[in-house]
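Q: Line by line, the protein sequences are chains Z and F. Under the working numbering, the residue at position 125 of the first sequence is numbered 470, and the numbers go up by one with no gaps. Under the working numbering, the residue at position 7 of the second sequence is numbered 8, and the numbers go up by one with no gaps.
Hints are computed from structural coordinates only; laboratory data are not their basis. Be careful, since some hints might not be right.
[Said to hold, decoys possible] So, partial list: chain F residues that the calculated Cβ filter (under 7 angstroms) puts toward chain Z:
#	residue
1	166
2	169
3	223
4	226
5	259
6	283
Backbone N, C-alpha and C fix where the C-beta goes; we use that ideal spot for every residue, glycine too.
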Amino acid sequence: MPTAMEIYKLLPRKNCGECKFPTCLAFAMQLANQKVALEACPYVSPEAKIALEESGAPPIRLVTVGAGELAVKIGDETQLFRHDKTFYHPTVLGFIADDAHGLNAMKSKIDSAQAASFERVGQIIRVDSIALRHSTGKVEDFAEAVKAAVSQKLPIVLMTEDPKVMADAVALCGDRRPLMYRATPQNLDAMLGLAKACCFPLVLGGASGLDELSQMADKAKKAGVNDLVLEPGGSSAGTMLESMTAIRRAAIKKRFRPLGYPTISVVGNSETDMMRASLGVMKYSSVVLMEDVPREFLFGLMALRQNIFTDPQVPIQVKAGLYSVGEPNEKSPVLFTTNFSLTYFTVRADIEKSKLPVWLLVVDTDGQSVMTSFAAGKLTPESVAKAVETEKVKEKNVRNEIVIPGMVSRMSGKLNELTGMKIVVGPRESSGLPKMLKSISG
Amino acid sequence: MAFEAPKEKFPGRIREVAIGATKELGGTRRARLVAGGSNGLQLHKFECDVPNRPLIVMDVVDTMRVVPEQLVQSIGPVVKDPVDWAKKIDREWGADLCVLKLQSANPEEENRSVEDCVALLVEVLKSTTVPLLVYGCGFEEKDAKVMEAVSNAGKGERLFLGLAEEKAYKSLAAASMANGHGIVAFSNLDINLAKQMNILLLDFGVKPENILMDPLMAALGMGLEYSYSVIERLRLAALLGDPVLQMPMICDCSCAWAAPESLEENPERGRPELRGIYWETMTAYAAIVAGADVVIMRHPQAVAKLKAALADLGGGS
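In isolation and in its complexed conformation, chain F is listed as follows (with noise of 0.2 angstroms):
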């Protein structure tokens, strides 16, 4: 009997999202770049269409407070300075796009003012040609001040902020609306608080095309296993027909660079730098494996690295 190779065929479509504004489209981006799009498991290009490949976002943070010190001495001094982070991953580190973090807004760090924020994003924007998204620093009392002077100050470039909680989420969801940016919806490792997540914004007014979402990410050792089964299953009921789980996943997973074991000191497990890059690209491939379409990243050896395996697994430029 001759064999013939099983295959799935879904009802379901993950949605095509698109980040960024090029000059035609009143930004002054480079590219318009579109996540989602597939109607099968992610990469199973033997049995689905996958229109576009997943896209690998770089951080930038704007303060060395959450930065461990070993990168600094190997992605060098430009994460001293965010403008300079942001222009070398805008030219040289092949990343498709961006995310500034505005971390030091934090009340009760930095305590960077509104206007200092705006500040970064404005040079950033000026810098770079790079599609943005821009994080606030997760208080939802100066975020919503920030962001909303973030939507302005980016008026056109269609960026994407985030992140929308369920607890905290109109005021973003009101910025983001009302200069044509996007919103990334984040979920706490729960299949139903990220539906309940993008119902809450839908509601609200946000058109599903201007969503993506957040599961979270746990690095790996840090409860992978966690993220891979909920992307697992975001990604199958998306397929199966679920309008409202039908958004392209983004993935943080810089968080490998936070796992004590990334980058501890112990020599039989190797040099901590390397093992972090190891760690990071494991993790994003991991996530992507399960079903994210866009992964953020930190090393740019790290994104060589996945860019590789990428194209290897048939999902490369």
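Same shape as in the complex, but just chain Z (with noise of 0.2 angstroms):
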């Protein structure tokens, strides 16, 4: 946001008090602080209109693709790195679908796209779009392959230089708002009007830097073209992260408007392609489209992307309840420990490598740690009662005795008192849980 003298400069500088502040500083200054809109003012000129809401815009403009409720969300990035905030809009991952193998293959790589979506730790992680590409297939089944992607939910990219195949394409998407892939240096004109007309975002490639990218980017918007998507392009992972990191530098750092946009990272299947993905998922590719790559190989990197783009302030929690960890029966031991995910994966993960069937408790922390929850007073002897008795622990299970983290012994008697159950101290550390449920089974 500019400040309120580089606001004010722009202001017809009247005082009249119409926007119902004394002077226009008074004004500059609650604009500068968003507390008030610009129309409040009825003298402003047109073009400090557009020069304010220029230096109000993000670094990094949000672009929209597909529409309904798997729309998804690209740009408006704020950071280089995730610890200074947090990185908003997780990489869009992608299926190219190729003419070249035919339509019937290509119906089958939109389906398993639709289909590639798995749930983990309580989110729905999915591939969110399918790029349909026209290289050196019959544009009939290209046409048919829109229509079918059009037919589901996925947001579509629509990969051909072609103006006249695109404008094609487009006309069979309705409002679909499917991302048309690409501009360059050689069709720039014809697609610029082609986005004009349908107002879908459009990727920029194909340029030989990034100085000409930039140029390319400078036109569109003078052509009135603002969704816009950039490919720096590169051979190799090396030029790839110099690219994204110099266009996520020059729209964040110095406010470089012509590279103020979402990225695009298109890879093919070697296993260099893979790692490049998983490179754009880490340093700023806003989409990554691939080819066929191994379902192995996609969780993983579904699970790196969750990784990056938790928010670093919210935890991410599992949910509280009584979980089973092989099949535990009502003699089998009962332990607790705190929703937030890396502390109940480390201690399923330990009471995993006793092969002993247990009951694990799991409670609501806010997603905090053993140690950070005890010390705020959210896991309190009262809140693990009150677990006990929601999860009805005590219905399933007749041992009548709870293994409590080692960290929290302090809370022993007064969870006794409350519960009426046994306390047996566990381990400081999760990774003693084996040993011990071995002495406490046997």
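With the hints as a guide, dock the two chains, each given alone in a separate frame, to form the complex.
A: Set out below in structure tokens:
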């Protein structure tokens, strides 16, 4: 945001008071704090209005691809490092269906993209888009594939550099708001004309370098096309890292508008391509389109995306409740821990090492670890006792005994008083659980 | 207007730390490998010096207790014999370094004797020429004895001994200093603790060029994002000029095999072993992209994939 003085210079400086503030400077200060809207000034010039809207816009434009419940938003990032705040919009992953392989292969790719969805730590993670590419195949097949994709829900990317083919495909998409891939220096005018007419987002690529790419973006903006996605390209992961870093820095640190757009990386399906996709997730690709990749890799890639785009201020939580590890019965040990996902998974993994069946009571601590939540008063004898009651632990188990984390041994007395259960103080680190479980089970 | 890519210049530089000693240097290793040395973000070759590529360590664990069943099938029966395992790493699997994890010294498990641990190290030293790191079992009292003996048995080899922890570092530091070895300083996902650990070692008399720091790598899906950000912040703090944080970072990515998702049976997520290989590769790749200089891995196919990815990133051999 511009400062109050910068805004003041653009205002009429009449001090008319019609905006309900005594002076233009007072109004400028309110504007800088985003307390009022510029429309409150009846005399602001159109030039000033454009300049102010421009300087108030986010450093990287937010672009929406697709329509409906599965539409995705990309861009609008404000950081170079996630620890400085967070990364907001997870990299959109897409499968490429190429008409060189024929219509049937394209259709099955559309189906597999649509079906590639997993539940992981309580969230649904999925392939977010399907890219249809016209290369050496029949343009009729391409059109049929577009129709097939339109009948599904995933956001669509249309891949062709032929403006005519693109125009025909766009016409089939109705209001599905596909991403058009791509305008190059060779077809720029025609693609801009098309984007201007349909208002769908457009990828700019094929430039010789970031200088040319930024000139293309400048030209697009002048032509009234604002929903852009940049493809810097590159022949290696090294050049990808370099150009993605340059774009993100230029947009955020230099406020260099021509590169203030989301980015896209298109990779193949070799081993190095897969790791480039991973790099894109970590280093600033808003969209990564891939050819056939093994599902073993895909699931890991999605986990990586989920990790990197986790808000550092809001830890991933697991659902509170009574979990069974193995097949516990009414005589198996009962343990409790917190619902911070990292704590839960670590404890669970250590329990599994013992190969003994166990009940694991996960207490809601707003996703904090044992020590943090204990110190913050979120993990208390009362909250544990309440979880014991809500989860009907005593009905499922007759041991009447609960193992508590060694770090919170201090709650033993009170917890015993509240639940009537025998308290067993467990190890301070969960790595000690297998040994401990063996001793109390044997 | 011509666009000029913004470059970042930092006042600080990651230290160069050498592992292993060749014959000329008084050891028997085939190479003296150097980690660190860059004055910029990891592999940002377009704006900083990258004198040394990231190094890949492969681990040998001396007990089957901690090795998942699936790995025995895929890595092969060598995992049942630590010396054979080390030979594979030395000759076939393309690792730069090897870490021998003496977990069976654990007094609550196998409780292998100091003599047996040292005998294993001597055998590994005799059968390989790869530079070595040696980790104890994590029980301070036992490790104090084991690592002192390890230090003597490996005299002249410039081993790196680990893991030094805040509450248990003196005996390990003494063992490493006694025979010119290095030390791995461990901290638990906390930038301040990492700094504290280095200060403790420096105050004890360990030279900064003998320290690698391990900020704890959490596996993909197991809190990787915490490690990723801690590593990034440590690297940035070092580059901004904090001399106490300029030691190269080592990240143990073999933890990927302990992540339940890497090997669980779940047909819609594909074959467990291959999933595990990608799990470890991505864990290590993320560690390096964030700023690690050395990664520890377990599966030869994951190492091969990572090496290809690093070459593509401009950090390959």
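Q: Run through the hints listed earlier and report the numbers of any the structure violates, in increasing order.
A: The structure breaks hints 1, 2; every other hint is satisfied.
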